[in-house]
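Visitor: Take a look at the letters that make up each chain.
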Amino acid sequence: MNANDILLETAHELGSIDIEQLPQLLAKFKSEIAQMEKDL
Amino acid sequence: MLTREDLLKPEHFNLKFFKQNGFLRQKCKKCGNNFWATVQQDECGDASCVSYNFIGSPVIPGKLTWKKIREKYIKFFENNGHQFVKRYPVVARWKPDTLFTGAGIFNYMPWVLNGSAKPPANPALTDQPSVRFVDIDNVGLGTGRHCTEFSMLGHHVFNSPKQIYWKEKAIELCHGFFTSELKLPLDKISFVENLWKGGGNAGPCFEVMSGGNEIATMVFMEFEDRGGIYSPMKMKVVDPGYGLERIAWASQGTPTIYDSIYPKVIKFLRKEGRIKSYNKKVFEEFCKLSSCMNVEDVNVEEERKILIDIIGKKLGTTPDEIMEQVYPYHNIYRIADHSKALAFILGDGVVPSNIQEGYLARLLIRRALHSIRNLGMALDLGTVVEQQINEVKDIYPELDEKMKNILKMVESEEEKYKSNMKNASGNVKKFQDILLRGGKKKFDKKSFVMLYESYGLNPEIVKEHLDLPSESVTALDIKEEIRKNLEEEETRKKRTGDYQSEDQLAFLDGLPQTEILYYEKEDLFNFEARVLKVFDNLVVLDKSGFYPRGGGAEPDLGTIGSAKVIDVEKKGNIIVHTIEGQIDSVTVKCSVDMDRRDRIVRHHTGAHVINGACQRVLGPHIWQRGTRKGANKAHLDVSHYEIPSPEQIRKIENISNELIKKKVNIEKKVFGRTEAEQKFGFRIYQGGVVPGEKLKIVNIPGWDAEACGGLHKNNTSEVGKIIISKIEKPHDGVIRLVFRAGPAAEDWLVSRTNILKESAKVLGVKDSDLPKAVKQLLTKWKTLRKRLEIKNKKEAADLAKKIKSEKVGSIELVVQEVDGDMKKLQEMSRTLGNDNTFITLFGIGEKISVFCSAGKNVNINAGLITSKLCSDLGGKGGGSPTLGRGFGVDKSKLAKIKDKIKKELIV
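Line by line, the protein sequences are chains A and B. For the first sequence, position 15 matches number 41 in this note's numbering, and the numbering has no gaps at all. For the second sequence, position 74 matches number 66 in this note's numbering, and the numbering has no gaps at all.
No lab work stands behind these hints: they were computed from the structure. This list has only true hints and no planted wrong ones.
Below, computed lysine to any residue pairings styled on SDA-like, alpha-carbon distance capped at 20 angstroms:
1) K758/B <-> I45/A
2) K189/B <-> P224/B
3) K815/B <-> Q61/A
4) K110/B <-> Q155/B
5) K653/B <-> G694/B
6) K64/A <-> R777/B
7) K786/B <-> Q61/A
8) K56/A <-> R779/B
All chains, full assembly: derive it from the sequences and hints.
Guide: Below, the structure is given as structure tokens:
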């Protein structure tokens, strides 16, 4: 699998997303998880 | 200069042939037209003057099928020195002013007639399947003779420069075919004098009639028509049109044309629809008299009612009894007719959509499905289309080869239709309500168009569900409206686009045509030129190697002297360069950006490679619908009825790259138009109609051949690796393949690799593990969110339990401020609320969330209160009488407002 194939498979997991924004999106998820863990 | 009257003078029609063969020139007592017949008769024989008198007593002996007549026709004319020419597609891709091939002469319009192309044979013998939508409302039990698709037989003669034959010989051949070959009795044929006009040409014609049936029209095209003023053409053309199906009908004498051309399909539909046999007397009377229906100027439905009344009185039956007999047949004829037309239209590469020929294909499918529904039949339209293909496949094997593809498109449309029908009533009512609220009393054309575009409901279906009266609108009106809307949209785009002003274009007046360098020397990137004119930032040179914007390709960039070239366009024969900077000498050194050119040309050639691959993977219906080739990416739009699967996309990409690896030489040659069409077929018109006598054909042997004026690589290997990066759906019936080739693909892969690495780094995983890690991340995020929701709900409920309400009259009033968001307030209200409570909650966060709810026994409008509270807090809100939501921003006012609520409610 080349980089694009991996990204497409990744994007498929996330639904309809702009692949260019993937690193920022993942960082956002991570930070939300950290916050939720704190709140729980 | 001549007028219509000049063209109708007897000298144009007085043929020696008629005089030598006992024909008499007579005047029709009904229509007043002159005609020739061997016996004295009152009427000319046109359908509007006499009823079909061959029904039940055929005029051509032997009950010949259309296939037998076709065979006899070809044999007769081949024996008389004519050469048979293979049929042209029913989609007139070579003709700029029409969508479909509506007659045999369309094959030669405009290029052969204007002298730009040689005829494929002279005289040329043809059997041309033709499609006409103008008669669509007459199909079924309209006139009984109109078909959406029909075969027009022709023996075209192009008399220039050499005279082949003209009127005398043409009429002699026509007469010989009917009376000697088909044995039509001499006293059963008449030739009606008339004037034919079409496509800017005109000429005298003879309409060949037999028993109320126009079986052929012999046009002698010899004038150019400039708005009713006529001047002689250089080329005189014999343009005959023999109605193959009409001749078969004359030989079989069946009630309608449909019964004689596809009897098996009609029998099948009768059985499937459990349609009873008709009363022969009533039915045949109806069919005979339907010849006189005035089909061009009036509503067919109205005409049919009048006809039914006449027959009812004549036979002593009621209109309802007659309708009961004819209505089921009207529907089965329509299903059979539309299915045959669809076989040709879809087989020749049309994909149903909302625009142009795609709209008309969809229209036919929906009308046929509507007829199936009218008869309550459990029948797939594809079954009928399949039968029609089976009926014609020995003559047109190409339709059988494309059967699977045709049926797939019909099936896909049928699914859409069924889904639209399910919601038809609700959607029509919704539009109706909007109109009523706007004070309109009539369902207008605009609403019909919107319902078609939004939900695929054609006017027939909409009218079934309407309560309001409606404007008289047909499906063809809707198509016209959609076309106008698209044109307006195009004009709007052009106005807002980067177009030069009229002043700027006027500066080109008097300039000579630019010598073009990029075709002859594709690798010429540096050249010297003379500056002919500079206007603002526009420069015209005596010669140019800059390839201009066009055919979807971005322009070359580079430098002219010390100025930067930022755009290049071709205006007529002049290349206009847009620059940044100054031109400081008369002779300038020019330099084209080689790297940019290379990337664009790779993309241009790559588009041809991908187009060929799409045809192989997705089907023969694939046709280019648009393209754009830039330096960094490109796209190719093709007609297709669904989003392709990831496997199909990979396959298109893989076979494209296999072709690139095979190092196939690309041929770029100029051909005469007819030679190009004969050698490569009509697929050369992928980019639309290409004007001119000569066509530059870019041929990837065995893969793809297109008429294309762009620049291309010499070998497929020079394109480099192709990556299809994205699939979009710009319009209904069209898919867009976004791709990159060569260095652009490499650059893109690098950027993708960077995104992948960055993303993997965020999660601290290996690149290849990213999809798995993201799946786990997402699962964790969802689980935590769920747990947090449960926790928040519990906390909200616990908090709510601690809050006491205050009795104000019969109302239990709650006014409370808490830390939290709207979700928390909603949760709290669930615990607090009952039929007698009025709850006002303020959630303090970055903003103030405001929530109000009124129990069913409380006569206070929660929405209005919310709106007021939010406004007082400097925010916005509203809602229904029982529920209001909003926000405020000014926390300093909160205490005062809380007091105010209580006071106001107590008062």
